[in-house]
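Protein chains in written order, with the numbering used here: chain A, 1 to 110; chain B, 111 to 208; chain C, 209 to 366.
I should point out that these hints are in silico values taken from the structure, not numbers from a laboratory. None of these values were measured; they are calculated from a predicted model. Hints are not guaranteed to be accurate.
[Unchecked claim] Facing chain B, a subset of chain A residues (Cβ under 7 Å, in silico):
1. S2
2. F33
3. A40
[Said to hold, decoys possible] Take a look, some chain C residues computed to stay more than 10 Å from chain A by CB distance:
4. V247
5. P268
6. Y272
7. L298
8. T308
9. L363
[Claimed, not checked] If you anchor each label on the Cβ, the simulated ranges turn out as follows:
10. C:T308 <-> A:L77: 38 to 48 Å
11. C:D355 <-> A:I7: 29 to 39 Å
12. A:L105 <-> C:L238: 54 to 64 Å
13. C:F230 <-> B:V122: 37 to 47 Å
14. A:L8 <-> B:I132: 30 to 40 Å
15. C:A212 <-> A:R29: 26 to 36 Å
Glycine is no exception: its CB is placed at the ideal position from the N, C-alpha and C atoms.
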Amino acid sequence: MSLLAAILAGMFLAAGAIFVLIGSFGLWRLPDFYTRLHAAGITDTLGLSLMLVGMMFLGGWTLVTVKLVFIMLLILLTSPTATHAVANAAYTVGLRPFGVPPEDLAEKDR
Amino acid sequence: MMLAAATVGLLVAMLIVLARAIAGPSLYDRVLAVNSFGTKIVLLLAAMGFLSGRPDFLDIALLYALINFIGTLAVLKFFRYRHLGVASPSDGKAETTR
Amino acid sequence: MLHALVMGTSLAVFWLLLSGYFTSSLLLSLGALSVVVTVYLALRADKHDGERVALRVDPPLVRYWIWLVIEIVKANIDVAKLILSPTMALSPRMVRVKATQPTDVGVVIYANSITLTPGTVTVDIDDDEFVVHAITQAMADGLTDGDMGDRVTALGAR
Numbered sequence: 001m002s003l004l005a006a007i008l009a010g011m012f013l014a015a016g017a018i019f020v021l022i023g024s025f026g027l028w029r030l031p032d033f034y035t036r037l038h039a040a041g042i043t044d045t046l047g048l049s050l051m052l053v054g055m056m057f058l059g060g061w062t063l064v065t066v067k068l069v070f071i072m073l074l075i076l077l078t079s080p081t082a083t084h085a086v087a088n089a090a091y092t093v094g095l096r097p098f099g100v101p102p103e104d105l106a107e108k109d110r
Numbered sequence: 111m112m113l114a115a116a117t118v119g120l121l122v123a124m125l126i127v128l129a130r131a132i133a134g135p136s137l138y139d140r141v142l143a144v145n146s147f148g149t150k151i152v153l154l155l156a157a158m159g160f161l162s163g164r165p166d167f168l169d170i171a172l173l174y175a176l177i178n179f180i181g182t183l184a185v186l187k188f189f190r191y192r193h194l195g196v197a198s199p200s201d202g203k204a205e206t207t208r
Numbered sequence: 209m210l211h212a213l214v215m216g217t218s219l220a221v222f223w224l225l226l227s228g229y230f231t232s233s234l235l236l237s238l239g240a241l242s243v244v245v246t247v248y249l250a251l252r253a254d255k256h257d258g259e260r261v262a263l264r265v266d267p268p269l270v271r272y273w274i275w276l277v278i279e280i281v282k283a284n285i286d287v288a289k290l291i292l293s294p295t296m297a298l299s300p301r302m303v304r305v306k307a308t309q310p311t312d313v314g315v316v317i318y319a320n321s322i323t324l325t326p327g328t329v330t331v332d333i334d335d336d337e338f339v340v341h342a343i344t345q346a347m348a349d350g351l352t353d354g355d356m357g358d359r360v361t362a363l364g365a366r
């Protein structure tokens, strides 16, 4: 492995880990379920992609990299569906969002 | 070296998410936290593959990503309809689960 | 028939890439068998519900993906700043967004793009209107004034 690839891998891994940590911290810190969805989104998009790209630099041009690409595509395609499913389930049973102005909500939820 | 540091960061993040899964307060917070925990497990499995020099771990990571997605949907469906089979028309009308 | 051939070929390539076995004849024949069984099951399921979604990857879609990745990175940094700021100036909104895409696949691409971008999540869909939760007023404005919907509509029917 060349030095450049090692340095790039380290940078991407560090950035990814930082974004994963920020997302998890947000999941703890934000006030209600709907705002926490956005924090989970950080982990699922940028944190995950950066860490996997870092590992691709470690793997080089091998089948390992191909598998990492498949993992990344799979999660990027399924995570919005899972997030929407959780959000929609909460909205359907009428979980009240924090801090949203009342005119935004449907009649029954005000 | 950086990989080990990133793995430690990942473990810390998993602890925080686990705390949110335990604290709740609503069912949906827990499902969201468990889903997010699953994403981190996929990353941890991939990192473990590199740390221990066994790329086979990536297959497990790929499989875990699939199971994590289906599992989230199954849990949500179960709490909406109270079973996983074919839904009858009366299901899912007035079931509020918090 | 062409459908089955294309699916079989892509499944075989997928099997080879994931397994990494290129020489052992026993394993290769087992892989070929699993491809045949999968194609048979997929065609059988097709007969049952007849819903096919073909993924057509063409230059406009790739250009849209590149644009979307840049948007996602920008939104990630915005939300990360919000989480780390000591005051956490949240102004959550629930906004309604009209989907102007002609086909179901277009609507799905738009809804998933909104959800994939941190700061906005599609919460509910009634007919051609999304209910979107945005974490700040600025994010909500960015969605209602932005051109994401127009870009997805420009992808056309697919």
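Give me the numbers of the hints this structure contradicts, sorted from smallest to largest. 1, 7, 10, 15
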